[in-house]
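2 protein chains.
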Amino acid sequence: MVRNISNSFLPRIQTVRDILLRNRVDGIIFSNMSNIRYLSGFSGSDGILIISSDSACLLVDGRYTTQAAGEASHISISQYQNKVQGIERTAKELGLKKIGFEAAFVTVEIYDDLVRRFRKKAKLVSFGKELGSLRACKERREIQAMKKAAAIASAAVAKIAHEIKPGWTEQEVALKLEVTARRSGAEQLAFETIVASGENAALPHAKPSHRKIRNGDFVVIDFGVKYQGYCSDETCTFAIGELTAVQKNAYRAVLRAHDEAIASIRAGVAAADVDALTRRVLGEEYGRYFTHGTGHGVGLDVHEAPRVAPGSQDILTAGMVVTVEPGLYFPGLWGIRIEDTVFVKKNSCEIITKMNKKLITIS
Amino acid sequence: MVRNISNSFLPRIQTVRDILLRNRVDGIIFSNMSNIRYLSGFSGSDGILIISSDSACLLVDGRYTTQAAGEASHISISQYQNKVQGIERTAKELGLKKIGFEAAFVTVEIYDDLVRRFRKKAKLVSFGKELGSLRACKERREIQAMKKAAAIASAAVAKIAHEIKPGWTEQEVALKLEVTARRSGAEQLAFETIVASGENAALPHAKPSHRKIRNGDFVVIDFGVKYQGYCSDETCTFAIGELTAVQKNAYRAVLRAHDEAIASIRAGVAAADVDALTRRVLGEEYGRYFTHGTGHGVGLDVHEAPRVAPGSQDILTAGMVVTVEPGLYFPGLWGIRIEDTVFVKKNSCEIITKMNKKLITIS
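If you read the protein sequences in the order shown, they are chains B and V. All the letters of the first sequence, read from the start, carry residue numbers 1 to 363 under my numbering. All the letters of the second sequence, read from the start, carry residue numbers 364 to 726 under my numbering.
Be careful, since some hints might not be right.
Taking beta-carbon pairs under 7 Å as the criterion, some of the chain B residues facing chain V (in silico) [claimed, not checked]:
{"id": "1", "residue": "Leu21"}
{"id": "2", "residue": "Asn23"}
{"id": "3", "residue": "Ala103"}
{"id": "4", "residue": "Glu109"}
{"id": "5", "residue": "Gly198"}
{"id": "6", "residue": "Ala202"}
{"id": "7", "residue": "Tyr286"}
{"id": "8", "residue": "Thr291"}
{"id": "9", "residue": "His292"}
{"id": "10", "residue": "Pro331"}
Okay, the calculated bits of chain B under chain V, using three or more residues with CB under 8 Å as the criterion [stated by the list, open to error]:
{"id": "11", "region": "153-164"}
{"id": "12", "region": "171-179"}
{"id": "13", "region": "212-218"}
{"id": "14", "region": "259-266"}
{"id": "15", "region": "340-353"}
No wet-lab data here; the hints were simulated from the structure. Don't be surprised by glycine CBs; every beta carbon is placed ideally from N, CA and C.
Construct the entire structure; sequences and hints are all you get.
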């Protein structure tokens with residue numbers, strides 16, 4: 001089962017082997033499909049990857065055997081009828097006695113079944129953060145894919161900003177955005193598009209509704225697409241017609257928090273400090289209406305390591321890609337969110353999302 | 364915390380309370396977002412629902428507080444910073460000592476954290492199938508939503524069948540389908556659209572590619588949308604131009620297996636027997652190219668209970684909605700899949716997907 005791994009995956013698998021050695025386990029079972037794609041190239045929706053010091057074996061069910069052989073051509077492929085049986089068989093074939101697994105992605109049901117099958121033949125070791133952060137620092141080609149995803153999504157938002165008129169429903173806006181992005185090469189959406197106007201903008205995760213956009217609204221558009229598997233994530237808040245002074249001041253406050261947070265980002269900074277700075281800039285007046293974390297890592301998943309939120313232990317490192325997305329939500333009234341995705345560098349960061357975040361007024 | 368639950372959710376919550384009593388636990392922690400939506404109306408992407416014999420409490424993070432209050436207005440809403448802390452606090456407030464959880468949806472990481480926090484204050488009890496099957500039998504209004512989703516998706520496929528021409532890429536077909544369905548009221552896709560032509564049709568879960576459709580191809584279109592949260596699921600295989608006799612015979616074999624399986628479905632039949640019948644009709648010649656289960660339940664999730672596959676223990680019951688989707692896959696050559704979604708009745712079943720499955724030839 002020793003096979004040559006193609007160049008692009010070898011350094012990534014080597015990182016796993018270093019973790020393996022450091023933690024004195026014989027192998028690691030991967031269940032997280034984004035980690036599996038990252039380590040093997042297989043992009044299906046279900047499967048298992050087992051990596052040991054000298055092997056890598058991808059386990060899939062019958063739906064994926066042919067696809068796996070094509071995408072992960074340098075890795076052993078094994079087909080299972082029952083996933084846990086497949087893991088048991090492969091662990092036995094590879095002679096693994098002490099096996100790590102991703103505690104954040106294995107369910108209690110699968111775990112209990114594995115323990116029952118392994119009995120005294122093998123021992124399972126829970127892995128947390130170390131495997132969750134495997135993809136946090138991006139390689140050049142990953143950054144390129146993310147920039148392309150961001151460019152496609154930003155262009156769609158820029159187009160809609162020119163077209164949108166009072167009277168359009170949120171759903172019409174969402175559909176136009178999605179069609180434009182798909183026609184420009186987006187593989188699929190990175191997440192469900194948010195178009196939230198008026199009082200709906202006070203819901204951070206609103207679904208596009210039949211509500212018609214009207215004068216005096218803020219319209220929050222949170223939109224992202226996938227390109228070569230990689231996600232983009234950006235939020236613009238547009239003003240429709242004339243706003244109140246209270247609304248304008250609130251927008252300025254969010255933009256200031258967004259700008260200062262981004263200015264603070266560079267390698268070595270604690271993610272929790274970026275979050276704390278955002279809250280400090282928003283101040284007491286606004287801070288209590290900012291009801292979520294400042295940001296999160298983005299990559300193959302739209303939410304991945306690191307966390308930019310209170311209590312995060314993560315330190316920003318060159319190559320990480322994170323969002324900065326302060327927002328204010330006044331239930332029943334209106335809301336604002338301003339979000340860019342940035343690429344962390346040694347002494348600064350680079351914004352990879354493309355829309356200018358100065359307030360755009362549509363009338 | 365005793366609150367009146369609105370009429371639509373009360374019988375569902377009562378079912379949970381019966382399970383609770385039968386299993387002698389004080390409460391159940393729900394993590395599966397579709398179960399949470401089913402039991403409370405909350406349609407967000409993250410949260411926890413705890414049901415005890417006299418309470419129901421929905422726990423959400425700050426992104427969802429306002430949405431939860433709107434959607435689950437008859438249930439107590441509690442906001443958490445940290446999910447496991449939130450569960451711990453609510454369990455204490457409700458005085459729960461023995462608490463069930465969904466073993467198929469709780470990760471080892473969350474479980475370990477819960478056990479650590481509960482220590483000797485409360486005991487966790489793993490629940491499997493019983494909670495997984497909660498949504499298997501649909502109510503009238505659920506069937507109505509599913510029929511509407513199916514009608515939207517089928518109409519989009521019917522339209523594309525008239526428009527499609529050799530030379531179109533798979534991605535163009537997928538995009539047209541999706542735009543048509545969205546314009547007809549689909550909320551979102553039920554799953555990633557599959558448009559697989561020629562040798563790509565041999566991949567049961569292919570992604571739409573740049574491959575141009577050409578004469579002699581089978582084109583497999585597996586398409587579903589959501590309406591009021593409910594999924595549709597249907598697969599058509601079209602012939603492009605003239606096929607070989609081998610291809611035509613294979614199509615007939617799959618259609619026969621599909622038809623006979625559907626004819627066998629009624630309340631009381633074992634799901635495994637439907638699967639076995641499908642394989643028996645395909646026979647030895649074709650059976651080994653049928654590499655997946657015959658079907659699965661559909662509802663708020665596109666894959667849910669019951670399983671129509673070898674080894675399934677599920678008995679079909681009136682009100683269940685399942686797919687029947689035999690397929691043949693010849694790696695490197697071509698593939699066929701024919702899928703309908705049916706609603707199980709006492710003495711038969713009703714097909715809710717709308718496309719006729721006789722071979723349609725496009726030229």
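These are the hints, each one checked on the structure:
1. Leu21: violated (23 Å)
2. Asn23: violated (16 Å)
3. Ala103: holds (4 Å)
4. Glu109: Result: holds, 4 Å to nearest chain V Cβ.
5. Gly198: violated (13 Å)
6. Ala202: holds (6 Å)
7. Tyr286: violated (14 Å)
8. Thr291: Result: holds, 3 Å to nearest chain V Cβ.
9. His292: holds (5 Å)
10. Pro331: holds (5 Å)
11. 153-164: violated (count 0)
12. 171-179: holds (count 3)
13. 212-218: violated (count 0)
14. 259-266: violated (count 0)
15. 340-353: Coverage by chain V is violated here, the residue count being 0 at a Cβ distance below 8 Å.
In the structure shown, a violation is registered for the earlier hints numbered 1, 2, 5, 7, 11, 13, 14, 15, in ascending order.
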